[in-house]
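Dock chain B against the given chain A, drawing on the hints supplied.
Residue numbers (this note's numbering), protein chains in the order written: chain A, 45 to 554; chain B, 45 to 554.
There could be a bad hint or two in this list.
Because identical chains share one entry, a pair is satisfied inside a single copy or across any pair of copies.
Claimed, not checked - Below, simulated DSS-like cross-link-like pairs (lysine-lysine); rule was C-alpha separation at most 27 angstroms, straight line:
1. Lys-457 - Lys-434
2. Lys-188 - Lys-257
3. Lys-434 - Lys-327
4. Lys-344 - Lys-188
5. Lys-451 - Lys-327
6. Lys-434 - Lys-451
7. Lys-484 - Lys-434
8. Lys-327 - Lys-337
9. Lys-434 - Lys-257
10. Lys-337 - Lys-451
No lab work stands behind these hints: they were computed from the structure.
Protein chains: 2
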Amino acid sequence: MKYFAAVAAAGLSLMAPALAESAGAVAAARDWRADHGAEILAGFVDLLSLPNDANDAENIRRNADYITALFAERGFEMALLESDEAPPLIYGLRETPGAARTIAIYVHYDGQPTEPADWTHPPFEPRLYTRAMTEGGEEIAFPKRGEPVDEDWRIYARSASDDKAPIPALLATIDALDEAGIGFTSNIKLIFDGEEEAGSDYLDDYLRLHADKFADVDLWLFCDGPTHQSGRPQLVFGVRGVTGLDVTVYGPNRGLHSGHYGNWAPGPGWRLAQLLASMKDEKGRVLIKDFYKSSAPISKAERAAIAAMPDTDATLRETFGLAETEMDNAPLGERLLLPALNLKGLKSAEVGALSRNVIPPTATASIGLRLVKGNDPDAMLDLVEAHIEKQGFFIVREDPDAAMRAKHPLIAKVTRSGGYPAMRSNMDDARVAPLIAALKDAAGEDLILNPSLGGSLPLYMFESVSDAPIVILPIANYDNNQHSADENIRLGNLFYGVDAYAAVLTMAAE
Amino acid sequence: MKYFAAVAAAGLSLMAPALAESAGAVAAARDWRADHGAEILAGFVDLLSLPNDANDAENIRRNADYITALFAERGFEMALLESDEAPPLIYGLRETPGAARTIAIYVHYDGQPTEPADWTHPPFEPRLYTRAMTEGGEEIAFPKRGEPVDEDWRIYARSASDDKAPIPALLATIDALDEAGIGFTSNIKLIFDGEEEAGSDYLDDYLRLHADKFADVDLWLFCDGPTHQSGRPQLVFGVRGVTGLDVTVYGPNRGLHSGHYGNWAPGPGWRLAQLLASMKDEKGRVLIKDFYKSSAPISKAERAAIAAMPDTDATLRETFGLAETEMDNAPLGERLLLPALNLKGLKSAEVGALSRNVIPPTATASIGLRLVKGNDPDAMLDLVEAHIEKQGFFIVREDPDAAMRAKHPLIAKVTRSGGYPAMRSNMDDARVAPLIAALKDAAGEDLILNPSLGGSLPLYMFESVSDAPIVILPIANYDNNQHSADENIRLGNLFYGVDAYAAVLTMAAE
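The following block holds chain A by itself, in its conformation from the complex:
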């Protein structure tokens, strides 16, 4: 991967005498992992051998206890926070004398449920390969202490990338810095979630019940997810929110013979098509009044960051078989800073071989919204409903009865989904500037500053705890088979984590 060449190049310059504090720490981390690669892998194998489905209470607790012990050995005051039947939240604190800043590091130690039949090897029996199985990698034995490791090697196991990888990386960083006598520059808090893949239902409770533990956080660091599609490391400042609705429109109260009643009885499919066509134009512009109005403007820093991101748009278009994308090929990075109206599904009677000569009683569209900073999920759904009403539809929550049908030629049943807002941190925030500077010591100039992922995570929750910026620092390789069989991590990516966390733990004061 391209960034490792860049990292190597940066590594040479690190030997220069006038090292920044974090640059020295990164160099120490590199030395450490070069000497202790086999031991780092051995510890990771032990952790990966513990099954970690959030619904498997016994094994989840084994993970929590195991991780707690590892950080306790390294000077962290540890606690398992509990709430009802939820997996425990692992909390830890290592105070740094004189530090004026507290960084909270989020990792999740649970993993996606597994379907062992789909895996090449059992998901909780980690295996080492010379490279990706899909690229002809071959299985090899794990190295013995002192033997060298290769950055292209991959470990296959559930949660190898998502999201246990940050744990051995962070442990190695701490060991490296402690061994070299390099102190942290911040107080470090740990918050390791045990049910992220099961929806983090209790996270909000934990944050509220233990608000005192998190009120002093100055920077939230989310260690999860993959690096950029280009293969380059990234620091991400936001995620989109999400909500949605299903809309059903009505024709006759039963399927009618399309010969006996065709071009007399109104077809619900036409009504739905007309309604949908009124919502979005052919370029992809949403026509719903005020749909874009509440969106936070794109800042100068965000525009600059997008301009500096690798332009993979043309490649993605080719990969996905798209001659054009919305708004005349507007850049993906910019589009992700606007709310999206997605048509996730359509259904009315049947098509193809199953279709019958019928005027169907209903037609339904499933519409998803992705939200950006400033968009309130309920308010956005209100705008969509107002648009539907403006098109002449009477809105109901249940299927209409005869009296309603007699009164209203156009009826739309709207079923709202739940949802949550976006989160987007200010890229100009003085509290993130030292992080960006430090990370460049680990990642080199290849580091991408990404204003927002397109996808959604409920990071908005952390905005209510403190006003601290929230950033995501992913380390996993993009092709890690996250959520699928044969999940894996490339060792180069694991080791990038060691370097990156060394930069984080030693970043300069503001």
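Relative to the frame of chain A, chain B by itself:
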């Protein structure tokens, strides 16, 4: 049912001395069936006891032989026409000395396949009820010879209405007229189809192979189907044709994450909605260029006939839960004389509980066309395709490959269905005037002249055999459970057939 009151009233006037020929014949038919009701039923029970699924070759032939014998006994020269593995076509001729006209009577003697488990009684064991089971009718024994019968009684059995009923009715008519010494006024040809419910695949072959037998037909009479929704008897002059197409439009070549790519990758559902919305406006007017152009104009006679038809539109709207119908509640009768563009189905990914956060790869619409006289099925599909192209779509017949996708932002796969044209006879044709006049003797002024059914039958086939008008004379009650379990016929309707056929067989010369 209303028309039987009218018939009874007309019956009184039939006693007047200056009877038209057909009025006398109708009176004779009435007398006959009043005296021989129990025997007519007994004969019908024997016929209904023969299973008649078109795919059951052995039983189909038993039906054909049985029916052939009955008409042979009544002076018809009979023949079973054969073609490959198809059920035989029953052909018959009874010449009338001096007649200048030949009427061909079409009936089908096969029936829909049955699911005996859904029936109250086995479908080929006829039962008699005092009225419809659904109206509280009770089973009674079939009457003995000489015992009276009641017009509200119903016989339950497969094909009781669809379409064996015309056979005992026609036999009773012939017996009544022969007994009364009333001669026919036309040569009568019989053409009894044995595979109508299986698609009449071989009918075209039969007509072509035996063209000489049908070239001299002056009037085609189709004895099939139910009376009008109003319950009144009708004479029908046309049917709509049918064709259709499936249209699939494309988004990305795989389902994409709606967060990562939403409002960048174009969604196929929006494209389909925009395409469909361009085809039909909110009133129901089709916007495809020239869609209505080839349609035969509605004649003065047709307009008058529609105006005279019972206005059941408001009742149908209430029944079907429709506040309004297309084109500001334009009359159903008029709408059926225009081609229809029906949206039979829509499909893209999933909706409701099954929907996922995806930008689907495709969206498909199943579109049905109903055609009227003048509309060529292929030419109509060409118009739809031209419209799709005009909206910017590149039309393909198979899913597009990468090169096609790279070249064309908008791609539509069009899959055409088969189909056939409409048939509509000229209501002013001098050859049908005597039929209308004669039928009024049987049906009274309640007789509805219906320019066209909305549904489709391949009657266009008979237009190639001769230039004779083609009319449909249905007798079955509207609530006969045609094609379903517990199919039945009301005796009043069966006996209306006896009267109506008496009028047909004795109608005046042109």
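Next on the checklist: When Cα atoms must be at most 27 angstroms apart, do Lys-337 and Lys-451 count as within-copy, between-copy, both, or neither?
Outcome noted: This pair counts as neither: shortest intra-copy Cα distance 34 angstroms, inter-copy 35 angstroms.
Checklist entry - Which holds for Lys-434 with Lys-451 at a C-alpha limit of 27 angstroms: within a copy, between copies, both or neither? => result This pair counts as within: shortest intra-copy Cα distance 17 angstroms, inter-copy 38 angstroms.
Checklist entry - How would you label the pair Lys-484, Lys-434 (within, between, both, or neither) given a Cα cut-off of 27 angstroms? => result Classified as neither; 52 angstroms inside a copy, 53 angstroms across copies.
Checklist entry - Within a copy, between copies, both or neither: where do Lys-457 and Lys-434 come within 27 angstroms Cα-Cα? => result Cα proximity of Lys-457 and Lys-434: one copy only (15 angstroms, versus 33 angstroms across).
Next on the checklist: My question is about Lys-434 and Lys-327: at a cut-off of 27 angstroms on alpha-carbon distance, are they close within one copy, between copies, both, or neither?
Outcome noted: both (22 angstroms within a copy, 17 angstroms between copies)
Next on the checklist: One pair to classify: Lys-327 and Lys-337, alpha carbons no more than 27 angstroms apart. Within, between, both, or neither?
Outcome noted: Cα proximity of Lys-327 and Lys-337: one copy only (19 angstroms, versus 33 angstroms across).
Item to check | Lys-434 and Lys-257: within-copy, between-copy, both or neither at 27 angstroms Cα | outcome: For Lys-434 and Lys-257, the Cα distance exceeds 27 angstroms both inside one copy (49 angstroms) and across copies (64 angstroms).
Item to check | Intra- versus inter-copy proximity for Lys-327 and Lys-451 (alpha-carbon distance at most 27 angstroms) | outcome: Between copies, since 17 angstroms is at most 27 angstroms while 36 angstroms is not.
Next on the checklist: For Lys-344 and Lys-188, with the copy left unspecified, which applies at a CA distance of at most 27 angstroms: within, between, both, or neither?
Outcome noted: Answer is neither; intra-copy 51 angstroms and inter-copy 99 angstroms both fail.
Checklist entry - Between the shortest in-copy and the shortest cross-copy C-alpha distance, which are at most 27 angstroms for Lys-188 and Lys-257: within, between, both, or neither? => result neither (41 angstroms within a copy, 97 angstroms between copies)
In the structure shown, a violation is registered for the earlier hints numbered 2, 4, 7, 9, 10, in ascending order.
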